[in-house]
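Visitor: Residues are numbered in this note's numbering as their position in the sequence shown, beginning at 1, plus a constant of 121.
Just so you know, these hints were derived from the structure itself, not from any lab.
Keep in mind the model is a prediction, meaning the values are calculated, not measured.
Certain hints may be false.
What the hints assert, rightly or not - Computed list of lysine-lysine pairs in PhoX-like fashion (alpha-carbon distance at most 25 angstroms, straight line):
1. 272 / 192
2. 284 / 164
3. 272 / 346
4. 164 / 250
5. 399 / 385
Stated by the list, open to error - Listed next, with one range per pair, are the computed distances between beta-carbon atoms:
6. 292 / 351: 24 to 32 angstroms
7. 308 / 157: 18 to 26 angstroms
8. 292 / 202: 23 to 31 angstroms
9. 367 / 340: 43 to 51 angstroms
10. 209 / 294: 17 to 25 angstroms
11. 175 / 212: 52 to 60 angstroms
12. 227 / 426: 28 to 36 angstroms
13. 232 / 423: 32 to 40 angstroms
14. 423 / 384: 38 to 46 angstroms
15. 436 / 213: 14 to 22 angstroms
16. 273 / 426: 17 to 25 angstroms
Just so it is clear, CB atoms sit at the ideal spot from N, CA and C, and this is done for glycine as well.
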Amino acid sequence: MKKRLLAAILACGLMGTMFTGCGSSTNTAENTQVEMVTVTDAKGEVEIPAVPQRIVDLSGNSDMLSILGYKVVGTANSDAYDYTKFPTYLEETLQGAEIVGYSMQDTMDIEKIMNLNPDLIVISTVQEKMYDQLSEIAPTVMVQLEALNWKSDLEAFAKVFNKGNEAQTWLTEYEVKADAAGEKVRAEYGEDTSYLSFLASGGQFYVFDGAGFGDVLYNDMDLVKPQGMPEQSDISLPVVTYEGLAAIDTDYIFLMATDADLAKLEENAVWNNLPAVKEGHVVTLPASPYFNQGYSPIGKELLVNEIGDMLNETTK
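Assemble the whole structure, with the sequences as input and the hints as a guide.
Guide: And the structure:
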C-alpha cells in the first residue's frame, strides 16, 4: 500500500526546531534583481527568493501552497494509485502544473524539473538523496515532515511566505464548516452514534484514527470514535485482521477499497456478520481518491461537505 504523508515547510523566524534563522539579500539574474531571504532547513542555511514565482514542490504539499495564493509549476501531488494524474479533489487546484513524480518516491524526473525552470524547489526528507542534484537547478529546501499535525504544517508554509493572515483565515473558515457539518450529522444520526473508517488493501485493514479520514471524523467534525479502535501513534495506519475489525464496535462504516479488495471483502463471513454491515450502514468509497483525500487540507474541506450526504445514501 502506498502511504501518504503530510509535510511541514521552512519558516522565517519559525518557533520550534524545524526551521530557524532569517535574513535577506539580493541576487541578480538576467539583469533582474531578486530579493532573497536566508532560512535554515533540515540541511542547513539556504537562500531562497522572497517571493518565488516558479515553485516545484516534491514534498506533497502543493495544496497548502495554493491556499496561500501560490500556483506551483511542478508537483508531486499525483494520485496514489496512478502517478500520471492528479487526484480528483486537486484537479482544479493543480490545473496547468506538471506532474514530476509521487511525493512518497525518493527520486523524481530531473529532466522535467529542470525544464520547468524553477526558482524554488521544495522536497521532503524522502527525497534527501536528490538534494545536491536539485540544488544545482534552483534553491532547494528540504523539510522535516510533521506526521499528524497538518494545521501546524500549513502555518509553517504561511510563515515562510509571510501569509499568516491567509492561512488563519482559511483555517478559521474550515473549522466553522467542519463544526457545522458535524453538528448536522449528530442531529440527524444521534450524539452517541459512532463511525469507523478504514482502507481494505491486500487482505489487510488499515484503520484511520488520528490521521486522514479519521482525523476529519473525530477531530474536525467531533463525531464519536468506536470502542475497540487500535490507537494510531504516528503516520503509519494501525493494521487489523478480520477478527480485529470485528472487535471494533461501530454503528457506521466508511470503507475505502479497490474493486478487487471490495469483492474479496464481501465474500468473507466475518465481514458480512458485522452489525453495521447487516444493517446496511456502510458507505463504500473508491480507494482513489478517498484514501489520500483526508490528508489534504483541500480534500478535507470537500469531505466535511460530503460526509453527511454519504451517510444519507445508506438510509435510502
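Visitor: Take the hints in turn and mark each one as holding or not.
Guide: Okay, the hints, checked on the actual structure:
no. : hint                          : result
1   : 272 / 192                     : 20 angstroms, holds
2   : 284 / 164                     : 24 angstroms, holds
3   : 272 / 346                     : 21 angstroms, holds
4   : 164 / 250                     : 12 angstroms, holds
5   : 399 / 385                     : 17 angstroms, holds
6   : 292 / 351: 24 to 32 angstroms : 29 angstroms, holds
7   : 308 / 157: 18 to 26 angstroms : 53 angstroms, violated
8   : 292 / 202: 23 to 31 angstroms : 29 angstroms, holds
9   : 367 / 340: 43 to 51 angstroms : 25 angstroms, violated
10  : 209 / 294: 17 to 25 angstroms : 22 angstroms, holds
11  : 175 / 212: 52 to 60 angstroms : 21 angstroms, violated
12  : 227 / 426: 28 to 36 angstroms : 35 angstroms, holds
13  : 232 / 423: 32 to 40 angstroms : 33 angstroms, holds
14  : 423 / 384: 38 to 46 angstroms : 27 angstroms, violated
15  : 436 / 213: 14 to 22 angstroms : 31 angstroms, violated
16  : 273 / 426: 17 to 25 angstroms : 24 angstroms, holds
Checked against the numbered hints above, the structure breaks hints 7, 9, 11, 14, 15 and satisfies the rest.
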